[in-house]
Amino acid sequence: MINSFKRGDGRRQWLRAAAAVPYLWLLLFFLAPFAIIIKISLADPLLALPPFTPLFDWAASGWQKIQVTVDNYLFLFQDGYYAIIYLSSVKLAAISTLLCLLLGYPMAYYIARQPQRRRNLLLLGIILPFWISFLLRVYAWIGLLNTHGVINNFLLWLGLIDQPLALIYNDFAVYLGIVYSYLPFMVLPLYANLEKQNLDLQDAAADLGARRWQTFLDITLPLSRPGIIAGCLLVFIPAIGEFIIPALLGGSDTLMIGRVLWDEFFINRDWPVASAVSVVLLLILVVPMMWFQRVQSRADGGAA
Amino acid sequence: MTGPMVKISGLTRRFGDLAAVDNIDLEIRPGELFSILGGSGSGKTTLLRMLAGFETPTAGSVFIDGVDMTSVPPYERPVNMMFQSYALFPHMTVEQNVAYGLKKQGMPAVEIKDRVMAMLDKVRLGALAGRKPAALSGGESQRVALARALVKQPKLLLLDEPLAALDKKLRQHTQFELMNLQDELGVTFIVVTHDQEEAMTLSNRIAVMNRGRLEQVGTPGEIYEYPENRFVADFIGNVNLVQATVTSVENGTVVLDCPEAGGRMLAAEDASSPVAGEHLWVAVRPEKITISKEDPGGSQRNVFRGVVHDLGYFGNLSVYRVELSSGKILQVSGQNRVRTAKKTVEWDDEVFISWDMGSAILLKD
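One line per chain: the protein sequences are A and B, in this order.
Just so we're aligned, residue 54 is where the first sequence starts under our numbering, counting upward by one.
Just so we're aligned, residue 217 is where the second sequence starts under our numbering, counting upward by one.
Treat the hints as calculated values from the structure; they're not laboratory data.
Only a predicted model underlies this, so the values are computations on that prediction, with no experimental measurement involved.
Just to be clear, a hint being listed does not mean it is correct.
Using 27 Å as the maximum straight-line C-alpha spacing, the simulated BS3-like pairs for lysine-lysine come out as follows [said to hold, decoys possible]: (1) B:K348 with B:K338; (2) B:K558 with B:K509; (3) A:K249 with B:K348; (4) B:K320 with A:K249; (5) B:K385 with B:K338; (6) B:K580 with B:K559.
When you get a sec, could you build the whole thing from the sequences and use the hints?
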């Protein structure tokens, strides 16, 4: 008896350790760069290596002086340019997320209602694009969308158009790229949710007089809320900071925070401002997530 | 007399080559508490789902209260169902769950509130109206499911294994509650169950189902005492089955030769009208057999000698497995009417077992 207890405890400790290691790893390599970024964002730019003033200045007198400035943040708020970029990034990410949801929900629903074998095949189809490098897939879109790309040439050949359409280097191409790239991240959590919904619930609703669309609105949709939220976060968060897709498919007027970050770091070499931009971006993302966390825990509390 | 509440004719449902429900005819009267009894894979749930409208019949028709419902969708049928999983909506409170059907019907909110609360009180759940299903016990969930199905005052209530998820004590209690509720509301109940005891105590009539077909339809007494075939005899309760050949039929007495039991056997002539030379099965219920140490005699009785092979003491009754000289083992059960700690019959005792010829059931193959 006592032995088995000990063994159980040991196993639990082992499990805890096994979980702790990757968590610590993630925490360390989230917190350490983040601390560095915060530090840089509080410095002044400098024409030197590294291109910013140090946090601790060993003055000649031997006194340690801490140099901190919030100028970079003030600059972000004073210059309307950044506000516009943040807003347009949020808008782009939000619309892309919505498009992913509208496309992904019916897909996930359809897959979840198929027989087991077909389900696995269809899921494989969702995951299949991951076998090819993300960068390559975005590049492939250039070939498709170009002025003399596959799509334009095909339409010209069909005689449907006489001038090539402007399919690339605009917001349309960015939406297309983001929705294409992130759709699986919407479908998978939705599928996981819809697949485990008890089908008796739908039958019960029908039995109580609900038509199919009413059953969907009253039962299926509200119960899939955790899946919707998970999918939306998985699309929205990476989409808002997306760099490659707007850089490759977007036009010069496509303003996204990822590109601005790149420009500040590598073109302007203004590391402090660039760091401030990324800290603010993080705050923009953290606030809605914390709000969601609170709403969710309140909903769970009500159910218990 | 009014027509039947449910009239099923030639009802068939195929899944590929398999006929889950195979050409069933059945009539269920208004106000009946009717059970469909069968093992897993017997097609009983498919039959129920066709009554609810979740399955479309491959052939045949379903009339409910005289109206053809064969191709009417579930949301337009005057029928409600209680699911085995209860299927309570987890994101709604008890009250919202019960109100759902009335809301879809377009009833005014005030009226809904009254109806729902009255229904919840009826199943003693008034105090739990604000709870979510996750916070309910099994018995409470079962009553919410029942209330939700009954609140629309359906003509017909379908119950899929209504008691299966409850523990034994609660099951017995709930069983009587269900019967009282049915009696009070006068709604026709159709219960699907695999539990023969449940079907026996609950129902006015039982349909025994096997491999998509109805083996027998009758009252619990008819099904138990007058099974029409070997499946029903074997499925309901315990039974001893032996093969025999009819030697003669005279004055209502059937004489059989039964090498399996090692001798001659008598049975009363019944509706199966056996003829000499016919091969039959003889079924005898364990409680119809008497066990004794002395030869009971009597010309109308079948008497066999044997040795007690096994003995089970259950307090109120004892079950014996007696090995006949032919090697066949018969089960005998007896009430322990006398208060004694000593057993009158012991292991390896030589005993006589006997039964009245009227107790033997003759079954065609």
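The hints, checked one at a time:
1. B:K348 with B:K338: This hinted pair holds, its Cα atoms lying about 19 Å apart.
2. B:K558 with B:K509: Since the Cα atoms of B:K558 and B:K509 sit roughly 15 Å apart, the hinted pair holds (cutoff 27 Å).
3. A:K249 with B:K348: Distance ~19 Å between A:K249 and B:K348 Cα, so the pair holds.
4. B:K320 with A:K249: The hint holds at about 25 Å.
5. B:K385 with B:K338: Given pair B:K385, B:K338 holds - Cα atoms ~21 Å apart, limit 27 Å.
6. B:K580 with B:K559: Not OK: B:K580 and B:K559 at ~38 Å, beyond 27 Å, violated.
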